[in-house]
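These protein sequences, in sequence, are chains A and B. Counting from 1, position 17 in the first sequence corresponds to residue 17 in our numbering; the numbering is continuous, with no gaps. Counting from 1, position 32 in the second sequence corresponds to residue 1032 in our numbering; the numbering is continuous, with no gaps.
Since the hints were derived computationally from the structure, they do not count as laboratory data. We put the beta carbon where it would ideally sit given N, CA and C, even for glycine. You may find that some hints are simply not true.
Listed next, with one range per pair, are the computed distances between beta-carbon atoms [stated by the list, open to error]: (1) A/Val19 - B/His1018: 29 to 39 Å; (2) A/Pro12 - B/Arg1197: 38 to 48 Å; (3) A/Arg8 - B/Gly1196: 45 to 55 Å.
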Amino acid sequence: MRVAAKGRTPRPIWRWPVVLAILTVFGLLSALLGQGGLWWMFIVDRTSDSARCHCCLFFNGGKDLMPRPKQ
Amino acid sequence: VGSAADPKALHWIKFDAHTGQALKQSKSFSGDGHSFLEVLLNLHRNLFAGLPGELFMGSMALLFVIALVSGGVIYGPFMRRIDFGSVRVNHSPRLKWLDLHNLTGIVLLAWMLVVGATGVINELATPLFGLWQMTDVKAMLAPMRGQPVPADSELSSPQAAFDTVKTALPDMIANSVVFPGAPFGSPYHYLIWTKGREPLTSRLFSPVLVDARSGAFISAMKMPWYLRALELSRPLHFGDYGGMPLKIIWVLLDLVTIGVLGSGLYLWLSRRTSSITQAEAELVASHDVSSPTLSREAAE
């Protein structure tokens, strides 16, 4: 886990939430609009979220899995 | 099926479109609602309290949406010091639960907003259909006001009405027939609900009127935008449009949402015993000791 001493700009804070929100809405609507197969992206998206949460909790002692800069 | 004189006898019958064989017959509407899923659905929809229950649950859904928006607003300040996905397990339990709450909450935020907002719209179904009946339907039936209602013996064949609609609207699927005099129909017409053939239009129902005496095609009513929004909000709320895989995802996301709500409740209840500021100070202090690089960055 990396802790930034200074407050970060909004861009890195909101990058992943915005990506996930876009994928979620895209997946939900593509399934509803019936554009065959695209809604599986929603499943992949949700599965990756779930995997990330589980890995954080159970396999890495709750530490972040984001790539760390080498020191 | 039933007569206007005895609304409690109303029920529906599902026919095979090819053979005309009755496939399924419901109990009377007043006797419905006793299976496990029906009980749960009624509990979820209106707490068995009719319209007041619907409005109450709708207001709860609105509060849920407001809570989500406010949670999204305060997510940024809480995440200024840590990366997305971080869970600080080596500090206070409250800090760990805060990180879990933030992580699961932000991951599911868009989905929860969709389900919450469509829940609000769904709970307005009764007032919206009432508005439609008082405006569009009333205006459409106005020219017929005062005319005698057709007796049962005067009714034309429902199959002929069905065929008339199929001929007039070949791109639509006739889905069900409401007999003249039913509460949600017209006293002078067969009301035939139709839907489109495409995945999206198959969710959009349009009523078609056929004269109950002559069997003549009268009109295909255009549904107002608020009822279209209601029709689209149903699948997005219940997640029943992607087969079993989507239903399983919906269950999992519901369970995680309950976890988000539970952790939020825990954080709120424990707010007097430890403050986030204290926890943040503890975290920064711990890194001052263990990470000289960070300390130098902080000093700069």
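Status of the hints after comparison with the structure:
no., hint, in the structure
1, A/Val19 - B/His1018: 29 to 39 Å, "49 Å, violated"
2, A/Pro12 - B/Arg1197: 38 to 48 Å, "46 Å, holds"
3, A/Arg8 - B/Gly1196: 45 to 55 Å, "48 Å, holds"
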